[in-house]
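Participant: The listed protein sequences correspond, in order, to chains A and B. Residue numbering for the first sequence follows my numbering, beginning at 1 and increasing consecutively. Residue numbering for the second sequence follows my numbering, beginning at 375 and increasing consecutively.
I should point out that these hints are in silico values taken from the structure, not numbers from a laboratory. Heads up, some of the hints might be wrong.
Calculated lysine-lysine pairs in the BS3-like style (CA-CA distance at most 30 Å, straight line) [unchecked claim]:
{"#": "1", "chain 1": "A", "residue 1": "Lys134", "chain 2": "A", "residue 2": "Lys228"}
{"#": "2", "chain 1": "B", "residue 1": "Lys413", "chain 2": "A", "residue 2": "Lys270"}
{"#": "3", "chain 1": "A", "residue 1": "Lys270", "chain 2": "B", "residue 2": "Lys417"}
{"#": "4", "chain 1": "B", "residue 1": "Lys405", "chain 2": "A", "residue 2": "Lys270"}
{"#": "5", "chain 1": "B", "residue 1": "Lys405", "chain 2": "A", "residue 2": "Lys282"}
{"#": "6", "chain 1": "A", "residue 1": "Lys335", "chain 2": "B", "residue 2": "Lys639"}
{"#": "7", "chain 1": "A", "residue 1": "Lys228", "chain 2": "B", "residue 2": "Lys639"}
{"#": "8", "chain 1": "B", "residue 1": "Lys417", "chain 2": "A", "residue 2": "Lys282"}
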Amino acid sequence: MDNIAGTKSSLSWAVNISVVLLVVIWLIPTVGLLVSSFRDRDQISATGWWLSPFPVSQNYQAKAPSDDAKAEGGVNVITGNVFEDGKGKVTRFGGKRAAPTEFKAGEIAQLTKDRTLTVQSDGSYVYTSPAEIKRDPSIYYAASSPPDFSLDNYRTIMASDNMDRAFINTLTVTIPATIIPILIAAFAAYALAWMDFRGRGFLIALVVGLLVVPLQLALVPLLTLHNKVGIGQSFLGIWMAHTGFGLPLAIYLLRNYMVGLPRDIIESAKVDGATDFQVFTKIVLPLSFPALASFAIFQFLWTWNDLLVAKVFLPSNSESWVMTVKIADDLLGSKGGDWGILAAAAFISIAVPLIVFFTMQRYLVRGLLAGSVK
Amino acid sequence: MSPLIQGMLTILIGVGGCIGYFFASNLILDKVIFPPQTKNPGKNINRANMVRPWLFLFPALAALSLYLIYPVVGSFYRSLFNRSGEDFIGFGNYSTMFADDGFQTALFNNFMWVLVVPAGATFLGLLVAQLTDRLTWGNIAKSLIFMPMAISFVGASLIWKFVYANNPDIGLINAIRDSFGAAPLDPLQLPFWNNFFLMFILVWIQTGFAMVILSAALRGIPEETIEAAIIDGANPFQIFFKIKVPQIMGTIVVVWTTITILVLKVFDIVYTMTGGNFGTEILPSYMMSYMFRDDGRATAVAFVIMIIVLPVMIWNIRQARAEMK
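The following block holds chain A by itself, in its conformation from the complex:
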């Protein structure tokens, strides 16, 4: 096949290149955010993340302390170093705010008729003036600093911004909301797949119909109901809501899978005297593991990533924010310009789904195929 169908070598090249191109376009935004999450805050605003492996050039301002002035041969001289820690490289400097990079490092700058300033590339400077120096003269310089990658953004967001709390809240919402619907759905799916009763067709159609009911419809009536029965906005409420919303897909996926199990096994078990309950727990449930895993991954990703249900069914205080709400409602507002912090927060929230995704991709793909091709 390969050597006949479409592998004229030029076409093969075109295919390879276009796939590389698409993959790069698909990855760039995420890579950019990942790189930025490790960069120093000042460096993020100085150069783009795509330049992050290179030294960053930024403009700074320093004051030469007038107290250090010494009289040498009739002029007052201040010497010192613009770098406090002695590291860095001055490329250009200047003495005026309007022209902060007027001179090259090492040149002697004639600031006015009689005052001069020299800044060497290692940061040491000499300022001279014949008159007495009363105010600290400003030195403007451009220095390049080496790339600065660290976990500082992650530390900041975890320590000071309650993100750890949000992480735990997300986990708290997700796990029960993933496990409970599976169990309820599995029994229902078995009944719809292997038991004969009046109204089965109708119920299957109902489940298919409910698959597409917009969640938006459920918000107001259910919140009102929760408030009436005393659940209010709470974890219990959101677990129940996620369970209800996840059930149609769970039943649909599991039923489709169970219906495909070999009839012989189930019938011979029944002939041997097994009850439906035994057939279900001993035979069907273990055999349906792949479908159970598929749905578990779906539901996990869905509840972990959900913003809408969490906004409505959880109380809106920082104690019970999940990560998506925290990012969307809090960080984007309060840290709008602090890209490093935002990037770190985003990565904390997408790390777990990405791990689940890459380790369990097989089940996810299988679930997608079972859930929508039918």
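With chain A held as given, fit chain B onto it using these hints.
Facilitator: The following block gives chain B in isolation, referenced to the frame of chain A:
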């Protein structure tokens, strides 16, 4: 009590409760209500088997009725009342809503989303599926393009906020403009076109979904049809458009409608990126802006979304029924 412990307890109670319910209800049915050890065991076993499906179905049906069926009715009912929920105003919410400029913008934008996003994602997904089909590293490429599916809409929005940032030292788009000497502009404030920048985020997420399903469909095409076309001298483009695409048309339609439904529900992207400002409101985000403020209006918007989804729902049900026969 810490929510985490509460969560553990809930898992225990939930799982234990479910298992206990199923086990106990079956036991009661078999031993107490219809015990086989009577004069007429066959009759009792049959009766028990008539009831048993409903025992299995009961928890699921109860949850579905409460959390999905009741809300359809409940939302519609609520939408007939005013903001406080005290006065019945008939279709008042709907008529004021349709007269509202914000709603019209949202409806129009949503219409564009429905046109663009499913088309874009399905087209790109089909393209990637076909291109990677015989590639040695195709699976890696597919895995990487599939990755955004795992990222939350909020996370994805943040990722793209970076790309769209106004500052040419942060935003890639403005960096490229800058290198051509153009002045930076904010893509999210560009009237009309900003909608497309938002739509692209969803296309970015959904292409992987379309790709996975279409790729499986492409693999399912019988080899003979393709071989026959090659023998007849068809070129690769003809094979793709005239042999492969028509055979997977059913799957393409399914992917298309699935994404269409999703488009009508996603409010996260607009909410996170622009908050509905600069003319980017869509129905789900428009609804959220009324949630907690005016439940009458919010439920009316939700019901409009439901009506838009309805044809797809009916079509899905008919497909499912046809398959069962």
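Participant: Are the hints correct? Go through all of them and say.
Facilitator: Quick rundown of the hints versus the structure:
no., hint, result
1, A:Lys134 / A:Lys228, "74 Å, violated"
2, B:Lys413 / A:Lys270, "23 Å, holds"
3, A:Lys270 / B:Lys417, "17 Å, holds"
4, B:Lys405 / A:Lys270, "18 Å, holds"
5, B:Lys405 / A:Lys282, "20 Å, holds"
6, A:Lys335 / B:Lys639, "28 Å, holds"
7, A:Lys228 / B:Lys639, "27 Å, holds"
8, B:Lys417 / A:Lys282, "26 Å, holds"
Violation of the numbered hints given earlier is confined to hint 1; every other hint is satisfied by the structure.
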